[in-house]
Amino acid sequence: MIIPGRSQKQGTSLNAGKLGEEYLEVTSTAELNQDDMKRLGLEDGDRIRLRTTTGESVVRCKGRKPEDLPAGMIFLPYGPSSSQLMASDTAGSGMPISKNFEVEVEVL
Amino acid sequence: MGDNIKIIENATCTFCGCVCDDMHLTVDLDEKKITKAKNACVLGRAWFAQHGIPDYPQATIGGKEASVEDAVEEAAQILAEAKFPIIYGLSDTTCEAQRHAVAIADLIHGCIDTTTSVCHGPSGIAFQGVGESTATLGEVKNRADFIMYWGGNPAESHPRHFTRYAVTTKGLYTPNGKKDRTVVLVDVRKTPSAPVADIFLSVKPGRDFELAWALRALVKGRKLDPSIEQVTGVSLATLEDLVDRMKNCRYGVLFFGMGLTMTRGRHFNSGAVLALTTDLNEFTHFVAKPVRGHGNVTGADNVLSWQTGYPFGVNFSRGFPRFNPGEFTTVDTLARGDADAALIIASDPASNFPRKAIEHLGAIPVIALDTKQTQTTNLARVAFITATYGINTAGTVYRMDDVPITLRKAFDSPYPTDEEILTAIRRRVQALCGGPAVPLRKVS
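Listed in order, the protein sequences are those of chains A and B. Just add 11 to the spot in the first sequence (first one is 1) and you have the working numbering. Just add 1 to the spot in the second sequence (first one is 1) and you have the working numbering.
Next comes chain A alone, as it looks inside the complex (with noise of 0.2 Å):
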């Protein structure tokens, strides 16, 4: 279950440029529960690549205490990387489901 959500250094990052280096690299910076990282053998920095049926991001990983980020959760900051996994359709409101929807994690 992925949550792409604001993060401060996201909106901070922003504001240098979308195009710049530092907000890429915290758009495609994912946050993992720690038990689940050591569970496939990550660490802080390793790649993994997430996958919907829509599509797919590659980013890096970084590990949160179980008790902020609950097991099988990932939270990524808005941009580039988690519209890759969004689907299009809205049923009829506008709204693209964009928080809370289930990626495939592969190890890298």
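Please keep in mind that the hints were generated in silico from the structure rather than gathered at the bench. Where hints are given, some of them may not hold.
Said to hold, decoys possible - Label pairs and their calculated CB-CB ranges: (1) A:P77 - B:G320: 54 to 62 Å; (2) A:E32 - B:T164: 30 to 38 Å; (3) B:V232 - A:E113: 16 to 24 Å.
To be verified - Okay, derived cross-link-like pairs now, SDA-like style, lysine to any residue, Cα gap no bigger than 25 Å in a straight line: (4) A:K49 - A:L30; (5) A:K20 - B:K221; (6) B:K205 - A:G83; (7) B:K221 - B:L240; (8) A:K76 - B:K221.
As the structure is a computational prediction, the values presented were derived from the model and not from experiment. Glycine included, each C-beta is placed from N, C-alpha and C at the ideal position.
Chain A is already provided as a structure; the job is to place chain B on it using the hints.
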């Protein structure tokens, strides 16, 4: 720092929907940059520091530098010739610019939609269905003793929401600030906003509607089975305690974010918390407000509503405005392949939209206005770099509680304003489409 320094008091930060109007800016007029922004939060400081004068051409056509006049002509021709043109964005520009975008949509019989459709659009739909018990942030500051944030993370997205409007700030009937308030946070993860909360409810992902409905049942005095914990992730005892606090507060506020609108359920989630708020008014004073993201997204809702009767997702193809989310909203018109030209103002859908919508955006002629180069300006047939609102231009914006705020210009920009470019496109489109000659306000 040069010698030519100007101090601007009570300037406004337009980075987020808080639109804090107590900025004290130190401006280096020689360097054309803001060197200090007193009172600004971390996001506001970045906003002011990073908006100097960029080194981009004012306009490009097909990626090549062009005069503004030629770019306006090219843009007008594209819009006038299109069969299904769309206009999108508008949440980071002034109301004065937004009204010209509506006029252009009317002239070209196109769609006009704002970033609201991928933000609190579902809440807009819910307002129409359920209604809104509302308040200004000034009332919240002075009166509210119960604050609930649901599906939002203001500590990172609206850092001064706590300190200026709702949590730690001291008001007329809340002289002790945080000590006079109970603060509740509902989220699927423990965000950096959690430390401010007295009560944190960890709701199961996708179960916000069920949680709101359970609270409604308890507010109405119905009995619930303890198995509600398996459904929502929150124990019955916690829910009963929360309802007791909600019913017995003096003035309650429910701020809700995109954790409700962007997830399964969308407008039903927003509608559920609005209905909960209505229910609570049988016992006490309770209001609900969406926490809005961009600096003038609320203004975009207001301007579209004044001029078309609807807040977003509006279509003029029949010569009069029609509202239909899902049909006239931008993700849909792009993903379905309906749109054959797009005017994008102060927004970057090429970065933020679903892939299918971005692919279509890349296949049609796009006109983009932005203060910086973005994925959208890069793919645009015609791109304008414009002055930054609230830094290089004055004008009007609406705070997230629908209060209009006047902007103060910090320093001049060599770039045209959104209002100037849109006025010029409107004039030319009017001539090409033979629309009614509407007198245009002179742009200073």
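Outcome of the hint check:
1. A:P77 - B:G320: 54 to 62 Å: This hint holds: roughly 58 Å between Cβ atoms.
2. A:E32 - B:T164: 30 to 38 Å: 31 Å, holds
3. B:V232 - A:E113: 16 to 24 Å: About 19 Å separates the Cβ atoms of B:V232 and A:E113, which means 16 to 24 Å holds.
4. A:K49 - A:L30: Not satisfied, since the Cα-Cα distance of roughly 33 Å exceeds 25 Å.
5. A:K20 - B:K221: 42 Å, violated
6. B:K205 - A:G83: 12 Å, holds
7. B:K221 - B:L240: 13 Å, holds
8. A:K76 - B:K221: 38 Å, violated
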